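For the record, the sequence lines run as chains W and X.
The UniProt record's numbering puts the first residue of the first sequence at 1, with every later residue one more than the last.
The UniProt record's numbering puts the first residue of the second sequence at 1, with every later residue one more than the last.
Check each hint, because a few of them may be wrong.
[Unchecked claim] With the C-beta cut set under 8 Å, the calculated list includes, among others, these residues of chain X facing chain W:
| id | residue |
| --- | --- |
| 1 | Leu-66 |
| 2 | Leu-67 |
| 3 | Ala-72 |
| 4 | Gly-76 |
| 5 | Ser-86 |
| 6 | Leu-88 |
| 7 | Phe-89 |
| 8 | Ser-186 |
| 9 | Gln-190 |
| 10 | Pro-191 |
Source of the hints: derived by calculation from the structure; they are not laboratory data.
Owing to the predicted nature of the structure, the values given are computational and were not obtained by experimental measurement.
Note that beta-carbon positions come from the ideal geometry of N, C-alpha and C, so glycine has one too.
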Amino acid sequence: MIRSLLMFLTLLAAAPALAQGKPPLVLAAASLQESMNAAADAWATAGHPRPVISFAASSALARQVEAGGDADLFVSADQEWMDALAAKRLIVPASRVTFLGNRLVVVAAKGNPVRIPVRPAAALAKVLAAGPLAMADAPVPAGKYGEAALRSLGVWATVAPKVVRGDSVRAALTLVERGAAPLGIVYATDAKASRAVRIAGVFPAGSHPPITYPVARLARSTNPEGEAFRRFLVSRAGKAVFVRYGFIAR
Amino acid sequence: MLTAAEWGIVALSLKVGGVAMAAVLPIAFALAWVLARVRFPGKLLLDAVVHLPLVVPPVVTGWVLLLAFAPAGPLGGWLERWFGVSVLFRWTGAAIAAGIMALPLMVRAMRLSIEAVDRRLESAARTLGAGPTRVFWTLTLPLSLPGVLAGAVLGFARSIGEFGATITFVSNVPGETQTLPLAIYSALQQPGAEATVWRLSAMSVGLSLIALLVSELLTRRVRRGLHVL
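Can you make the complete structure from the sequences, with help from the hints?
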């Protein structure tokens, strides 16, 4: 009796250690917050340790890796910062996978029935320049893509004076949600995350550089749980989680 | 009320702020004493350097800390060689950031209270035969104590509000470096998370208010010249 009780207690103590390794540390772009948390939850439900995720700007995270921080995975909102880490041999090249894509859209407040004509340029310029146009700050990827799209559609010169900048794409979204700007340029995923806005127009994929999200294992990562979670992220089941949040599986 | 995860964030903030305050307290007191009592060349420069974190953009402080505490950096390399630890992505790093940001406020409050100590009392004690160490422990320290505590509490309040240096230096890791301001920032990035933002902001305002009230009450004691606690 006592012996079986002892055995039970030993098993109880050992069970979590057997089933679960140390949770990996994932550095992820702030725009992935809801979707990456959902992916981590799905992974944890399947019996794995739930990854610990630090959400901040891709640039800040990349600099922390450069400084020598010990994390397992890096998920960037653009290729530029992943390239920067690759150049310094801080990622495992074979583990780098571009697994998600996104679209750039124009959002309006839910009650605003406006439709955005992509062509002709004069019509597009007229709609966009009617009031303040909320965009992410120029150095932020969403700001860069938005400007590229407006330039390639030939309306940047007319629209630029009307642009109001938020420090992140979510700040631009908030400007539209709160009615500070009638229209804003954000990602399709941001539009989907907000209940206060609707998509009024989608930029043609060719009007701006492709919006892609790479993941890679960091060269210093020693936790096998990190690699396991990376494999899940790039798997069909992993990407399906992100598709629910408006991303495009790649 | 708060969810379990939100209480965890509050507890982490208190831990980071408390450890930062306790660790910086002796350093701040030593600096305050030197600035209040000692005359030496370069004093003005030391005064200015101590105040830098108060005026430099926090993101710069965070960036400098990141370089210094990186394994390849001067302080990070030393920690790694001697103790085998790294503070990147760790709550200890968050406490370092919070402590650096709180230092100038603590030094200012403590310096004022040390300067307010009547030096004639100290001279009298010396003429009665007390050595400098005894004068310090039985006169200078007890007399300046309310101001020292006021400075410490003010530093604590600053610590739990630290954002810019922390996210730049040690990232936004839940359970390690995600203190109240960072959690509020994360929630603000999420449409529909307004309820979380309100709850965490209320906690943040409440804690800061309590700390400021305590600090102000202690400061009043100093001003009234009530030299006993």
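Where does the structure disagree with the numbered hints, that is, which hint numbers, in rising order?
-> Hint check: nothing fails, all pass.
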